[in-house]
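S.K.: In order, the protein sequence lines correspond to chains E and B.
Position 455 (the first sequence) corresponds to 455 in my numbering; numbering is contiguous.
Position 368 (the second sequence) corresponds to 368 in my numbering; numbering is contiguous.
Just so you know, the hints here were simulated from the structure itself, not pulled from any lab data.
Just so you know, these numbers come straight off a predicted model, no measurement behind them.
Be aware that one or more of the hints could be misleading.
Said to hold, decoys possible - Here are the simulated DMTMM-like pairs of lysine to aspartate or glutamate, each with C-alpha atoms no more than 20 Å apart in a straight line:
(1) B:Lys212 / E:Asp74
(2) E:Lys235 / E:Glu257
(3) B:Lys374 / B:Glu356
(4) E:Lys138 / B:Asp20
(5) E:Lys235 / E:Asp371
(6) B:Lys377 / B:Asp405
(7) E:Lys209 / B:Glu142
(8) E:Lys139 / B:Asp20
(9) B:Lys377 / B:Glu219
(10) B:Lys212 / E:Asp144
(11) E:Lys375 / E:Glu445
(12) B:Lys320 / B:Glu356
(13) E:Lys304 / E:Asp224
(14) B:Lys8 / E:Asp144
(15) E:Lys282 / E:Asp296
(16) E:Lys304 / E:Glu325
(17) E:Lys235 / E:Glu445
(18) E:Lys380 / E:Glu368
To be verified - Per label pair, the in silico range of CB-to-CB distance:
(19) E:Glu42 / B:Asp209: 54 to 64 Å
(20) E:Leu153 / B:Glu424: 53 to 63 Å
(21) B:Leu157 / E:Thr152: 27 to 37 Å
Note that beta-carbon positions come from the ideal geometry of N, C-alpha and C, so glycine has one too.
Residues per chain, in single letters:
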Amino acid sequence: MISPFAANSLRISHVGLRGVVGSGLTASHVLDFAAAFGTFLEPGGAVVIGRDPRASGVMIREGLLAGLLACGQDVIDLGIAPTPVIQHSIRRRHAAGGVSIGASHNSAEWNALKFFGREGTYLSTAQAGELLDIYHLKKFAFVDWTRMGHATLETGAIERYLDDLAAHYDFPALRKFRVLVDCCNGTSSLILRRANQRFGTEFILINEKIEGVSFAHEPSTTRDAVALQLAPLMKPLGADAGFLFDVDSDRVALAAEDGTPVSEEMVLPLLADYLLPRAPAKLIIANISSTALLEDIASRHGGKVLRVPVGRQAAIDALSTYRPEQVALAGEGTGAVMMPQFRFVYDGIASMLAVLSMLHESGRTLSEVLDSYPKYSLLKGQIPLVTQRIPALLMDLRERYSDGRVSVLDGLRVDWPGRWFHVRVSQTEPIVRVICEQRGDPPRELFEALLEEVRSFA
Amino acid sequence: MPREHLLKIGVSGIRGVVGDFLTPGLACAFAQAFGTYVGAGRVVVGRDTRSSGEMLYHAVACGLLAAGCEVVDVGILPTPTIQIYVGATRARGGIAITASHNPPEYNALKLFNSEGLFFNSYERGELLDLYHQSEFRRATNEEIRRATSDYASASRLHIERVLRHVDAQRIRRRGFRVALDAVNGAGSVMTVGFLRDTMHCDLHAISVDPTKPFPRIAEPRPDTLGDLSELVRSCGAEVGFAQDPDGDRLAVADETGRVLDNDDVLALAVDAALRRLPGDVVVNLTTSSVIDEVAAAHGRRVYRTPVGEANVVEMMQAVKAVIGGEGSNGGIIFPAVHLCRDSYTGMAFLLERMAETGESMSALAARLPRFYRKLGKVAYEHGRLGTLMQALEESFPGVETDRSDGLKLILPGAWIHVRASNTEPLLRMAVEARSEGEVDDLYARVLRLFG
Numbered sequence: 001m002i003s004p005f006a007a008n009s010l011r012i013s014h015v016g017l018r019g020v021v022g023s024g025l026t027a028s029h030v031l032d033f034a035a036a037f038g039t040f041l042e043p044g045g046a047v048v049i050g051r052d053p054r055a056s057g058v059m060i061r062e063g064l065l066a067g068l069l070a071c072g073q074d075v076i077d078l079g080i081a082p083t084p085v086i087q088h089s090i091r092r093r094h095a096a097g098g099v100s101i102g103a104s105h106n107s108a109e110w111n112a113l114k115f116f117g118r119e120g121t122y123l124s125t126a127q128a129g130e131l132l133d134i135y136h137l138k139k140f141a142f143v144d145w146t147r148m149g150h151a152t153l154e155t156g157a158i159e160r161y162l163d164d165l166a167a168h169y170d171f172p173a174l175r176k177f178r179v180l181v182d183c184c185n186g187t188s189s190l191i192l193r194r195a196n197q198r199f200g201t202e203f204i205l206i207n208e209k210i211e212g213v214s215f216a217h218e219p220s221t222t223r224d225a226v227a228l229q230l231a232p233l234m235k236p237l238g239a240d241a242g243f244l245f246d247v248d249s250d251r252v253a254l255a256a257e258d259g260t261p262v263s264e265e266m267v268l269p270l271l272a273d274y275l276l277p278r279a280p281a282k283l284i285i286a287n288i289s290s291t292a293l294l295e296d297i298a299s300r301h302g303g304k305v306l307r308v309p310v311g312r313q314a315a316i317d318a319l320s321t322y323r324p325e326q327v328a329l330a331g332e333g334t335g336a337v338m339m340p341q342f343r344f345v346y347d348g349i350a351s352m353l354a355v356l357s358m359l360h361e362s363g364r365t366l367s368e369v370l371d372s373y374p375k376y377s378l379l380k381g382q383i384p385l386v387t388q389r390i391p392a393l394l395m396d397l398r399e400r401y402s403d404g405r406v407s408v409l410d411g412l413r414v415d416w417p418g419r420w421f422h423v424r425v426s427q428t429e430p431i432v433r434v435i436c437e438q439r440g441d442p443p444r445e446l447f448e449a450l451l452e453e454v455r456s457f458a
Numbered sequence: 001m002p003r004e005h006l007l008k009i010g011v012s013g014i015r016g017v018v019g020d021f022l023t024p025g026l027a028c029a030f031a032q033a034f035g036t037y038v039g040a041g042r043v044v045v046g047r048d049t050r051s052s053g054e055m056l057y058h059a060v061a062c063g064l065l066a067a068g069c070e071v072v073d074v075g076i077l078p079t080p081t082i083q084i085y086v087g088a089t090r091a092r093g094g095i096a097i098t099a100s101h102n103p104p105e106y107n108a109l110k111l112f113n114s115e116g117l118f119f120n121s122y123e124r125g126e127l128l129d130l131y132h133q134s135e136f137r138r139a140t141n142e143e144i145r146r147a148t149s150d151y152a153s154a155s156r157l158h159i160e161r162v163l164r165h166v167d168a169q170r171i172r173r174r175g176f177r178v179a180l181d182a183v184n185g186a187g188s189v190m191t192v193g194f195l196r197d198t199m200h201c202d203l204h205a206i207s208v209d210p211t212k213p214f215p216r217i218a219e220p221r222p223d224t225l226g227d228l229s230e231l232v233r234s235c236g237a238e239v240g241f242a243q244d245p246d247g248d249r250l251a252v253a254d255e256t257g258r259v260l261d262n263d264d265v266l267a268l269a270v271d272a273a274l275r276r277l278p279g280d281v282v283v284n285l286t287t288s289s290v291i292d293e294v295a296a297a298h299g300r301r302v303y304r305t306p307v308g309e310a311n312v313v314e315m316m317q318a319v320k321a322v323i324g325g326e327g328s329n330g331g332i333i334f335p336a337v338h339l340c341r342d343s344y345t346g347m348a349f350l351l352e353r354m355a356e357t358g359e360s361m362s363a364l365a366a367r368l369p370r371f372y373r374k375l376g377k378v379a380y381e382h383g384r385l386g387t388l389m390q391a392l393e394e395s396f397p398g399v400e401t402d403r404s405d406g407l408k409l410i411l412p413g414a415w416i417h418v419r420a421s422n423t424e425p426l427l428r429m430a431v432e433a434r435s436e437g438e439v440d441d442l443y444a445r446v447l448r449l450f451g
């Protein structure tokens, strides 16, 4: 279903460009952005590209190749490939950078370009700003006929990525688990089918067929999406754990062995619980919209949580102010988590393997692990946005809830002991998001009051 | 001071120096306009060996896919081969990425309709308007189709078509020793296969590496084919062939290494065609009168058109001509194979004539009626064109004129054709007569007027 905003869906920002193909994102945007990236990259080393299975990816790939080759960049094309594999290949091939074509957790009519620098890292805000400036100026460094770039296809990228995973995780030990995976017709099936062949693991895949036009369901990594097909199959199939990936495999969500769909908020606390005792680093970077359980778990292991604004770029920028060995984990409450072992790239597959390793090493079931945590209840809502009234709304809320601890890092967050709310403007849709969390039962009263308040400004 | 024409967008498509002028964005937008014009269906894309071809292929594929077309990539192939494939596979249209005989820094898009023919002048205008309006069809995710490839069948198809019209057995039996210069162009692979494997020639080839740049000036003319002449002499070839980078133009050297005048090559092809099929001939205004004499010997008529392949093709369709072309540039168009310039038909015709008659290439050429030609160009100032043309006409009072492309003065046994170039601020002059002295005299008179 195309949202009413599809006609104005194009968004060009520090994280790349994104939109509904045809009405928002067009061939000419792709070409210009590709040429800007080809101009931006330092010479030397090829550019690795790959795409998720959306039908429009074929068109976008052509435009990307044209723009990069015209700037004299050689291109290594991985074809349909998961985003973490693209980032891994940039490192392995000592490439100058890379591009992932895919709209991740958005529905099929969307597409997007994500840009990576050397080592497969995300662009810093300063780098992304430079790229945007080149895009807007349209002064591209096209080369003459003697220096044109050339493209080659590479097919072994997933195999080399699995080599790397095998160096970090004990695949033979994970064979004992029966793991149900909802691939949502995306790229995770390419990795997991191969892992079964190579390591004898038992990943049972549903919605594993690569699809370009219609996915089995919305590819978002949320509890609601887990509840659709994955969770109900857990008990009938006797699975030990269930995982759902978005289309480009950088995010993951969970189902417990008893068939309970787990909140997407739990991926980060689970990984924190697993990694903090094992890593010398004690710092976790998370956005201010994700669960307070993280602080509880961090304090259990002598760790600390740094809260940053919502969005990948804020996490990247915060990361860049630390030495890599200081940070144990960074991520968001959406199932997108970065680990130092994997050079801080969002990697749903590596996150899944960390959860399974935790189950293996602890000897407990996923629901036993989750039940051992203090219970928090989170409520999320959204209200259409009237942009010019946002500052007044935030000021009003701030005054009304002045008895709590206030943060204006991103919108407004107010904390009380065991309870907090966060009101902010979405970066991807014209809506205001309201999130409210409380230890124990859901904070319904506060949540309804906030929604009412926000609505009065709409 | 001639201005450089680094980019030209017009009714014949888009052409320019790759880099800052012919950009991927322009090629993509033009392809998207084309895809919008021909509709959502299969569109064939092929290219010559220019280093920018790969990049432009991706730009063109992007534009076509964005317009909802399915792309069929046929890879590196001669332009006539691409055209034949478009027609035979009932595609919606085709695009050849090639700047033909232009230098290597240029590239261009040649556009074909569903029959693999150039659009007529009205269609070309419509397409250009669509491009300028920038209102392209933009396919959604559900409407975007795939990109496929077919690298094998087009060349087979083309050669099969040519073989329907020549006696290949007769050519094979002769085992001709043939020299070839394919300028490292799109014919590099296919022409070697055609001459060696299909026609069983003892082939001696140079410049047949499609991964290398053009080793000579790309246009195959007597003054650019020194290497071919040398090769013919050193290997003792009975004939030498040279192609341009996209394999549509043909130049021929005889067994002495002398490169034939391209008008004479066309005349030999016209003769060969009219021996096979009944019908008339179409050539451009600047093509030699040798064609008229050859056609007259078969009792056939010659139609003249403005310069440009598309003009010749349009007229050939209208009068159902059996053969046509443009003498000066080595284009031979034989519609029974396909309505396009085709060097392969040309090579097959000449080899068959040699096999049939048992005569050498130089002897066949010597039988043609003898005309003398002189070609040249001179810069002119904008605004002076009318004055110059009037002065020319007035200095030859009472002669027959043709103004369909510049000014052609038709004198008894001679003609003078002066036209402004479409691409440069130059006047192109051509003079032809039956004697060398008369040509020199007429040419000098024109030069005096313009100099």
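S.K.: Run the structure past the numbered hints and jot down the numbers of the failing ones, going up.
M.R.: Numbers 3, 12, 13, 17, 18, 19, 20 - these are the hints that the structure violates, sorted from lowest upward.
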